[in-house]
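Going line by line, the protein sequences match chains H and S. Position one of the first sequence corresponds to residue 3 (our numbering), numbered consecutively onward. Position one of the second sequence corresponds to residue 20 (our numbering), numbered consecutively onward.
Hints listed in this document are in silico derivations from the structure and should not be mistaken for laboratory results. Be aware that one or more of the hints could be misleading.
Under 8 Å between C-beta atoms, here's a sample of chain H residues computed to sit facing chain S [claimed, not checked]:
(1) Ser65
(2) Leu251
(3) Pro256
Yeah, the Cβ is synthetic: ideal placement off N, Cα and C, and Gly gets one too.
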Amino acid sequence: MSALLEVSDLSVSIGATRLVQDVSFSLEESSALGLVGESGSGKTLTLRALLGLDPRGARVTGSVMFAGEQLVGRGERAMSRLRGAQLAMVFQDPMAALNPVQRIGKQIAEGPRLHLGLGRAEAAARTLELLAKVGLPDPAATARRYPHQLSGGQRQRAMIAIALACEPKVVLCDEPTTALDVTVQAQVLRLLHSACSELGAALLFVSHDLAVVRQLCRQVAVMYAGRVVESGPIEEVFGRPRHGYTASLLRSLPDVDAPSEPQPIPGEPANPRNPPPGCPFHPRCDYALPDCATERPELVEVMVGRRSACVHGRTGLPELERMAR
Amino acid sequence: MTSGLSVRDLTVTFPVAGARHRLTAVDAVTLTVRPGETHGLVGESGCGKSTLARSIVGLTVPDVGEVAIGDQTLPRRRSHDEQRRVQMVFQDPISALNPRLRVRDVLTELLRVHRMVPRSAVEERCRELVAAVGLPADVLDAWPGSLSGGQRQRVSIARALALEPEILIADEVTSALDVSVQAQVLRLLLDLQARLGLTVLFISHNLAVVRQICDRVTVMYLGRIVETGPTEALYSDPQHPYTRLLLESVPRLDRVELPAAADTEAPDAAHLPGGCRFHPRCPLAAQVCLDSDPVLRDGPPDRAAACHFAWPQRTEEGT
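Chain H extracted, bound-state conformation (with noise of 0.2 Å):
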């Protein structure tokens, strides 16, 4: 069977800077994938190329197969008739996602209404249904108020309306929970995670924070410089990193059930204008080999269902006492 979202080889550049490059991963029909990285690892642009959204001057290259189409290339009335309907969309601030001169309810029932052809009667009753399933308090008076009237979790949660409003085969996220509070942000996982699997859709989600992808994905894709770098079953991903990246990354997060030292990776993230020779990590790896600085591994399978573009992605990471010898 083939997978209802296939990535192969997507790139985008922006003048003569490829800030994504040959990203290429799958989404099977009601699962759920994590794309993981630090803040210009090109998470975020590829998610919005894959939807078109890719910002003005970048080029695009790659495909990205949904439902045996073709997305790269399509024109932008093409697309626009996929988003909201079949790819819907779940932003980081709501505040900036949502019209702010519109009242929650018109914009809940615009997807109904275009992409689905209800009728004005029809589309409110469905407004009402979903601001219900989204967990908001006295539906017909929300669906009344403006995006400012709201809470923060509140507007997430009317998002959420947003992006199900259609009953979309792929809900796309990108950071949805980062500007909420831990205790909303636990609420809107929840959310997510049970009108995902209600619906059969597909989620794919993008995100600065591991654990939270943790708890909704069943596979990860962790992107470093504009590049895929490991990818696989996020529990031996986690588990068992097969890149120095990945270890050096699940390492540096602080526990909240032990006592822990804080244990940074040293220097910065790569700067995806001027990415280091080599593999774009081995600047700040303790797992690097002196052909890491000239040879960049390719993207590979090293075990059944996991990829890895590390020089130890086959053998294992080595344990770093022995390393330091």
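Using the hints provided, position chain S relative to the given structure of chain H.
Here is chain S on its own, set in the frame of chain H:
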């Protein structure tokens, strides 16, 4: 010399647009930060932690209450020297630094205005300061815009250190940074504190980071302190249901299930519920919580919580 910080009965209110009542952002808060400790202040947005920080440095004038360094109470209008003794590092290093001033100019201006060193020694002191925060000397010639987020935050810390403060208030200093860089800045803070004997109030919404670097922790909810105590004791045995809710809500790498918190949000600070202000969200809420507002009550040594049900065994022993 290392001094402690104390805040006594501090209340800050703000006018509410189009309404007659005022919003109480910080409600009669009393807080002691001991000399040389890193004290974590945690809570969600709107709990008053940043307003409290701003009143400690003198950026917001409290309605009532006092701020003291050691045993000296700071007056409402602070002299240059009194301002110098408490310094703050802000969350967003982009907006905290003037984009039109090179790093050298930022530091030089401060050193001169406050007469920290003789004019002839200013350049040398600038070099010392950037070295102290782990940056190369050529950063002095850089514009803030050309630095990375982590470097900018280091410059903000150097700027705070330029005035040789006794108290450093760090307000969400790592929230805008990537995790790999966040750990670098945390290490720097720990290192500076040990070397300079600073007393640090570390404000954060990130409970894992607070556990890594703080000696003691205070939890705020809607303008009040709900729990305070030594970090390890508080994390391993939280007494206030809000502290528990916060800890349970943190997503964890080794846990697949999503936290099962109730679908409630903090009420509007301008319309607080009667009784305990946490009761609408509290799994333990009983009639007493609707009727009476719990005060911050001492528990085991060094700990306190504002909950009717904190340390139940102790209460029984006491009666």
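Notebook entry, point to check: Hint by hint, which ones does this structure get wrong, listed from lowest number up?
Noted result: As far as the earlier hints go, only 1 is violated by this structure.
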